[in-house]
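K.L.:
Chain by chain, the residues:
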Amino acid sequence: MSQHFPVLIVLLPLSAALLSPFFSFMYRQAGKWIAVAALAGSFLCSVGLLLQVTAGGGQAIHYYMGNWVPPLGIEFVVDPINAVIVAMITFLAMCTAIYSTPFLKKSNWLYMGGYYTLMALLCVGLSGMTLTGDVFNLYVYLEIASLSGYGLIALGGNKGTLAAFRYLLIGTIGASLYLLAIGFMYSMTGSLNMADLSVLLQDKMDYPLMIMVIGLLIAAFGIKAALFPFHGWQPDSYTYSHPGAAPLISGAMSKVPAYAMLRFFFYLFGAQHLFVQHGLTVIGILGALGIILGSVMAIAQDDFRRMLAYSSVAQIGYIAVGLAIGSMYGLIGAILHIINHAFMKGSLFMAIGGVQYRFGEFRISQLGQLNKKMPFTVFTICVAALGMIGIPPAGGFFSKIYIMQGAMETGQYIYIAVLVISSLLNAVYFFRVMENIFVNPDAGLKEINPTAGKLELPLQMLIPIVLFGIIILALGFCNASVVDCIIKLGLPEVFLG
Amino acid sequence: MSDASTMDVINNFLATKGIYSLVLILLFLGLYGMIVSNNYMKKMMAMNVMQVAVIFFYLCFAQKDGGMIPILNGITTDPNAYINPLPHALMLTAIVVSLGTTGVALALLMRIKEAYGSAEEDEVLRRADK
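Residue numbers (this note's numbering), protein chains in the order written: chain Y, 1 to 497; chain R, 1 to 130.
I should point out that these hints are in silico values taken from the structure, not numbers from a laboratory.
One or more hints might be untrue.
To be verified - Example chain R residues on the side facing chain Y (calculated, C-beta under 7 Å, incomplete):
id	residue
1	Lys43
2	Met47
3	Met50
4	Val54
5	Phe57
6	Tyr58
7	Val97
8	Gly100
9	Ala105
10	Leu108
As the list claims (entries may be wrong) - Covered stretches of chain Y (in silico footprint by chain R; criterion: 3 or more residues with CB under 8 Å from a CB of chain R, positions within the stretch not fixed):
id	region
11	140-150
12	153-163
What the hints assert, rightly or not - Quick list of in silico lysine-lysine cross-link-like pairs, BS3-like style, CA-CA up to 25 Å:
id	chain 1	residue 1	chain 2	residue 2
13	Y	Lys372	Y	Lys446
14	Y	Lys159	R	Lys42
15	R	Lys130	Y	Lys159
16	Y	Lys159	R	Lys113
17	Y	Lys446	R	Lys130
On a predicted model such as this, the values are computed, not experimentally measured, just so you know.
Note that the Cβ used here is the ideal one computed from N, Cα and C, for glycine as well.
In isolation and in its complexed conformation, chain Y is listed as follows (with noise of 0.2 Å):
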């Protein structure tokens, strides 16, 4: 049983998936009940994969699809870094799950059917984007995500319809690449599957198409993560997708590709070839640029959501900015900060999708006294702006002090004033919220969905909400033990030394 986890993270959902229209069918509740069951199994098994592959010191995990020897066959592999991250996606994924149960109480049997399938599917593609060993499963699963999580923007409502067709003709551009520069690959190597092409390729990595392919690969996970100059599907689509499944879509979404990113050029390519570290450098450029921008645009907003959207521009930039300094310490804050921008972001969209259900108000400027209503949600808003500005027990402290380090390490200083500067920017828009919740006067919202008895929202929500605040500071009170007894043990080998 044990040794299935890796495909059963992926089949669990995939067959919820399928099985959740016709289980609504029958009994309008059933389809959610298997969906949120399936995303709990799934999360079990990735969490008995983590303490698997902790407890082998780190050996990477090899499962072999129908037992198909690789190269030739399709392979799942875990290493102590993916395991996490896929934790980290079935985790979301099932609280969102249960988190969304509210915003569907009135919809019909298909709406909740093809609501779940669409969550599932979004979960399957994800893990398997995260755990698979092979560049054109890489692909499939690509789409499957992409193609789920257009469906789930366009659940929310007309605006949300135009948002998800206009990231579907970016979003196809980016696959589009993907698929181009994994052909050039092919048609270098022979070899489809990862371990295989990172050691067919190593005399081949200053060849001009390796140019070509860098590139490629640059702009397509570019797109997919919405780093900087490929962001414009992003403010639109994170700000009118469906309020329930905002968390997943915006948590998790965009890591994974930045995740994608990481695996191809520091264990596929190696990051000591000349065409990868010129690849690395743009990359960071691009962050750096994306951080100030992103900032600056986020403070121009009154739509708490578009706001936050903006942010996620910037926070991509850290994970960029992470990859490209490239040494031990930038690619610990960088995933170290994937887990912790996932959480904070999906908190604050839980935050402020609860606010949405209860007041159906998201603008900033009329959050007035929100704290005298709904004192928990604005526990959880506080601790994840904490976060996000980068103060010491929020988990963002920690990634962005990583990143610093390695920034400082390498000598690469200008790194470190925009991530300064960024701080700053974080905190001005960050406390603007909280001036308005907690200064402003109260700005007389009318309830549109009144909630029973005392508690300030559905219990289904409230826990979500509570538990990502309390996870926020979680890991930021465990992250020496996260990056000791995790991360570092799936770091490539020239790391570590």
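Following the hints, position chain R against chain Y.
P.N.:
Chain R alone, transformed into the frame defined by chain Y:
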């Protein structure tokens, strides 16, 4: 004399790389169409052209002189006698994916047309901002 050698160079180029240039032109035609056309339907069709260009690229590098179709015929099991079927199999998947993408795009486009009464980008954006 020099004319003949120029012709040789051109012939040689067309014979070895000509098909890739055509594929590249097709790819950029698709990208160009997606950027300049104002109609969402046309943008989507240009997107399909771009996807087809990538599929052609795979089929081109799978081509081999004198190779036969990869079916075991009892005469030879030498892999050099067959063409590589894997790129074709991969592109079968890519075609299915592009079909799915087109389907989702059309469904979204129908919704956009219903909601905004138009599929022209500037018109839709103007109505969406109201």
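K.L.:
For each hint, tell me whether it holds in the structure or not.
P.N.:
Hints, verified against the model:
Contact between Lys43 of chain R and chain Y, as hinted, is supported at the beta carbon level, the nearest pair being about 6 Å apart and thus within 7 Å. Among the interface hints, the one on Met47 of chain R holds; its C-beta lies about 5 Å from the nearest C-beta in chain Y, closer than the 7 Å criterion. Checking Met50 of chain R against chain Y: minimum C-beta separation of about 6 Å stays under 7 Å; hint holds. Annotation: interface hint on Val54 of chain R holds; nearest CB of chain Y at approximately 5 Å, less than 7 Å.
The restraint placing Phe57 of chain R at the interface with chain Y holds, with a minimum CB-CB distance near 6 Å, inside the 7 Å limit. Satisfaction of the interface hint for Tyr58 of chain R is found here, the shortest Cβ-Cβ separation to chain Y being roughly 6 Å, below the 7 Å cut-off. The closest approach between the C-beta of Val97 of chain R and any C-beta of chain Y is roughly 5 Å, which is under the 7 Å cut-off, so the hint is satisfied. The interface hint given for Gly100 of chain R holds, since its Cβ lies 6 Å from the closest Cβ of chain Y, which is under the 7 Å cut-off.
A least Cβ separation of about 5 Å between Ala105 of chain R and chain Y falls short of the 7 Å threshold, and the interface hint therefore holds. Given the 7 Å rule on beta carbons, the hint for Leu108 of chain R holds: about 4 Å separates it from the nearest Cβ of chain Y. Residue count for the region 140-150 of chain Y with a Cβ under 8 Å from a Cβ of chain R: 4. That meets the three needed, and the coverage hint holds. Counting residues of the region 153-163 of chain Y whose beta-carbon sits less than 8 Å from any beta-carbon of chain R gives 5, enough to reach three: the coverage restraint holds.
Simply put, Lys372 of chain Y and Lys446 of chain Y have alpha-carbon atoms about 14 Å apart, close enough for the 25 Å limit, and the pair holds. For the suggested pair Lys159 of chain Y and Lys42 of chain R, the alpha carbons sit about 20 Å apart, so the restraint of at most 25 Å is met. Distance restraint check for Lys130 of chain R and Lys159 of chain Y: the Cα-Cα separation of roughly 11 Å lies within the 25 Å cut-off, and the hinted pair is therefore satisfied. At roughly 12 Å between alpha-carbon atoms, Lys159 of chain Y and Lys113 of chain R fall within 25 Å of each other, so this suggested pair holds.
For the suggested pair Lys446 of chain Y and Lys130 of chain R, the alpha carbons sit about 24 Å apart, so the restraint of at most 25 Å is met.
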